[in-house]
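**Student:** Work out the full structure, taking the sequences as your base and the hints as a guide.
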Amino acid sequence: MMAGDRFQWVGYWFNPIHQEVPSGFSVIFLRLRRNIQVIAKLERNKEEGNMQQCQADITIDCSKPAGSFRRIHGTNVGPIYRQGAYNACEFFKQVRFPTVRLHDCPHACFDVVDVPCIFPLFHLDPADPANYVFRATDSYIQSILDCDCGIVYRLGVSLRRRPEFSGLTDPPADFKKWADICIQIIRHYNEGWAGGFHHNIRYWEIWNEADNGATQWNGTYESFIAFFITAAKRIKAVCPDISIGGPAFNGSIRNSRDKLHSFLPKLRDTGCPLDFLSWHTYPDSAGEIAVASREVRAILDHYGFTKTENHLNEWNMAPFPGGFKGMRATPQTERDFFAYKNSSAGASLAATCLIAMQDLPLDMTNYYSSMNFNYGMFSFQGLPHKPYYAFRALTTLMDASPERLAVSGSDPDHGLAVLAGLAADGSRISMFLANHGSDRDRWTIDLDRAPRSMEEAQILCIDPEHDLQTVCDAISVQGNRISLHMPRHTVGLANLLVAK
Numbered sequence: 002m003m004a005g006d007r008f009q010w011v012g013y014w015f016n017p018i019h020q021e022v023p024s025g026f027s028v029i030f031l032r033l034r035r036n037i038q039v040i041a042k043l044e045r046n047k048e049e050g051n052m053q054q055c056q057a058d059i060t061i062d063c064s065k066p067a068g069s070f071r072r073i074h075g076t077n078v079g080p081i082y083r084q085g086a087y088n089a090c091e092f093f094k095q096v097r098f099p100t101v102r103l104h105d106c107p108h109a110c111f112d113v114v115d116v117p118c119i120f121p122l123f124h125l126d127p128a129d130p131a132n133y134v135f136r137a138t139d140s141y142i143q144s145i146l147d148c149d150c151g152i153v154y155r156l157g158v159s160l161r162r163r164p165e166f167s168g169l170t171d172p173p174a175d176f177k178k179w180a181d182i183c184i185q186i187i188r189h190y191n192e193g194w195a196g197g198f199h200h201n202i203r204y205w206e207i208w209n210e211a212d213n214g215a216t217q218w219n220g221t222y223e224s225f226i227a228f229f230i231t232a233a234k235r236i237k238a239v240c241p242d243i244s245i246g247g248p249a250f251n252g253s254i255r256n257s258r259d260k261l262h263s264f265l266p267k268l269r270d271t272g273c274p275l276d277f278l279s280w281h282t283y284p285d286s287a288g289e290i291a292v293a294s295r296e297v298r299a300i301l302d303h304y305g306f307t308k309t310e311n312h313l314n315e316w317n318m319a320p321f322p323g324g325f326k327g328m329r330a331t332p333q334t335e336r337d338f339f340a341y342k343n344s345s346a347g348a349s350l351a352a353t354c355l356i357a358m359q360d361l362p363l364d365m366t367n368y369y370s371s372m373n374f375n376y377g378m379f380s381f382q383g384l385p386h387k388p389y390y391a392f393r394a395l396t397t398l399m400d401a402s403p404e405r406l407a408v409s410g411s412d413p414d415h416g417l418a419v420l421a422g423l424a425a426d427g428s429r430i431s432m433f434l435a436n437h438g439s440d441r442d443r444w445t446i447d448l449d450r451a452p453r454s455m456e457e458a459q460i461l462c463i464d465p466e467h468d469l470q471t472v473c474d475a476i477s478v479q480g481n482r483i484s485l486h487m488p489r490h491t492v493g494l495a496n497l498l499v500a501k
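Using our numbering, you'd call the opening residue of the sequence shown number 2 and step up by one each time.
The set of hints was computed from the structure by calculation and includes no laboratory data.
None of the hints are false.
Label-pair distances were calculated between CB atoms; the ranges are:
| no. | residue 1 | residue 2 | range |
| --- | --- | --- | --- |
| 1 | Arg329 | Arg453 | 50 to 58 Å |
| 2 | Ala86 | Leu160 | 19 to 27 Å |
| 3 | Thr307 | Gln143 | 31 to 39 Å |
| 4 | Ala340 | Arg163 | 23 to 31 Å |
| 5 | Asp242 | Arg136 | 21 to 29 Å |
| 6 | Ala407 | Glu466 | 30 to 38 Å |
| 7 | Phe374 | Ala407 | 35 to 43 Å |
| 8 | Asp364 | Asp147 | 23 to 31 Å |
| 9 | Gln56 | Ala227 | 55 to 63 Å |
| 10 | Ala227 | Arg161 | 20 to 28 Å |
| 11 | Ala195 | Arg453 | 54 to 62 Å |
The calculated lysine to aspartate or glutamate pairs, modelled on DMTMM-like cross-linking and capped at a C-alpha distance of 25 Å, are:
| no. | residue 1 | residue 2 |
| --- | --- | --- |
| 12 | Lys237 | Glu310 |
| 13 | Lys326 | Asp337 |
| 14 | Lys178 | Glu165 |
| 15 | Lys308 | Glu289 |
| 16 | Lys501 | Asp426 |
| 17 | Lys326 | Asp171 |
| 18 | Lys237 | Asp171 |
| 19 | Lys501 | Asp400 |
| 20 | Lys237 | Asp302 |
| 21 | Lys308 | Glu296 |
| 22 | Lys308 | Asp364 |
| 23 | Lys234 | Asp270 |
| 24 | Lys260 | Asp285 |
| 25 | Lys65 | Asp360 |
| 26 | Lys94 | Glu404 |
| 27 | Lys267 | Glu296 |
| 28 | Lys177 | Asp276 |
| 29 | Lys177 | Asp126 |
| 30 | Lys65 | Glu404 |
| 31 | Lys326 | Glu289 |
| 32 | Lys178 | Asp270 |
| 33 | Lys267 | Asp364 |
| 34 | Lys177 | Glu223 |
| 35 | Lys178 | Glu223 |
| 36 | Lys94 | Asp139 |
| 37 | Lys501 | Asp62 |
| 38 | Lys267 | Glu310 |
| 39 | Lys234 | Asp175 |
| 40 | Lys237 | Asp276 |
We put the beta carbon where it would ideally sit given N, CA and C, even for glycine.
**Tutor:** Below you can see the structure in the form of structure tokens.
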């Protein structure tokens, strides 16, 4: 018997009898107790019959190219971890993150990236190369570039849970001098200043989550806006070829909407450059990212920033219950949440968000994070958690089948989310699939207008038992219809070979 088989009771007999069985039915005998048997007529949902009669859940139009995939699946924090004890470069190379945002990097590797790490004595002269400590950050940045990843350099400081210990989140004593220090850092990495490099780092972000209180900006929000305007205008005037942006709004745009509405008009009215606006959200579904990204785009356009890029440069699973405070209520609640986030549930959320982002008004995204304790996609020992494999699957799809195909019926929030691509030579159709929110486990996909039938199908799954590994019974193909077994919290990378 198979899932989906239908039964019709015939009756009870004390002895087996002959019963003529219509086509499509079988007879089974179930012994319930001594001398009693039950004959049931079993109507098997034959694969061939169903595949011809039922409408598919998803349709891929093989004759309708949908352009190229957008490589916007970045992360935060580079591959060096635990002060150099571990290097996840080989894992990074398999994803080739388009950008690695350099925020909270000192939590993984001491004395890198942050402005006070490079220029520790603020009273010294910014024009003198002897006052800078570049060595550690030079190596850290090179480790990212060696993985064929790009960079978003966050200028400022990392999160300080107890800001009174260091004072590093206090507003700089001199906004113009702080900007001059940043200019020299930019020149070191892009123009070769002070024995530096020509990395051509494009994105430079001013600060992080100044709207999130003293752990990030230990001053008023009004003082931060004044600081941002001073720094952005001064930096852009000297370094016109870079993209300057920020300010990395906190947590969810719903919490920061009012501050966004106060931030943008002041930048507009003072002629302050804003090449990209950055913001953060921690959702429990792809739908939250969809709503927020469209809202941010609309607000930017409303204030005249129509050419400003839209960057979601922190995102991950929402803590529950009770948000971050509830998650940290006890060591047990924190442990349980991160175990869930790092499981196949976290992978399916990441995958559905990555699929949805392809069609959202987002120019770059950065998962939070890679190598950063509990919220990283790697363990304390530097081994990948399941969400990492979702990023790896997406990169594999883009590499193997770069011509995107039109998909109808994809539902990242409540059903099966699907991206599909065609190999350059037409020999392969690849699909990146995820089920995060549906209790259904059986799905069908039609390949509409396929030039030829499929002769072979394979699927690699991310689920409780597999880390992007082959699951033989999760996919079957007949003609141009695909049948899938993908329960909730499953991610798949399917490859279909086109018959010659």
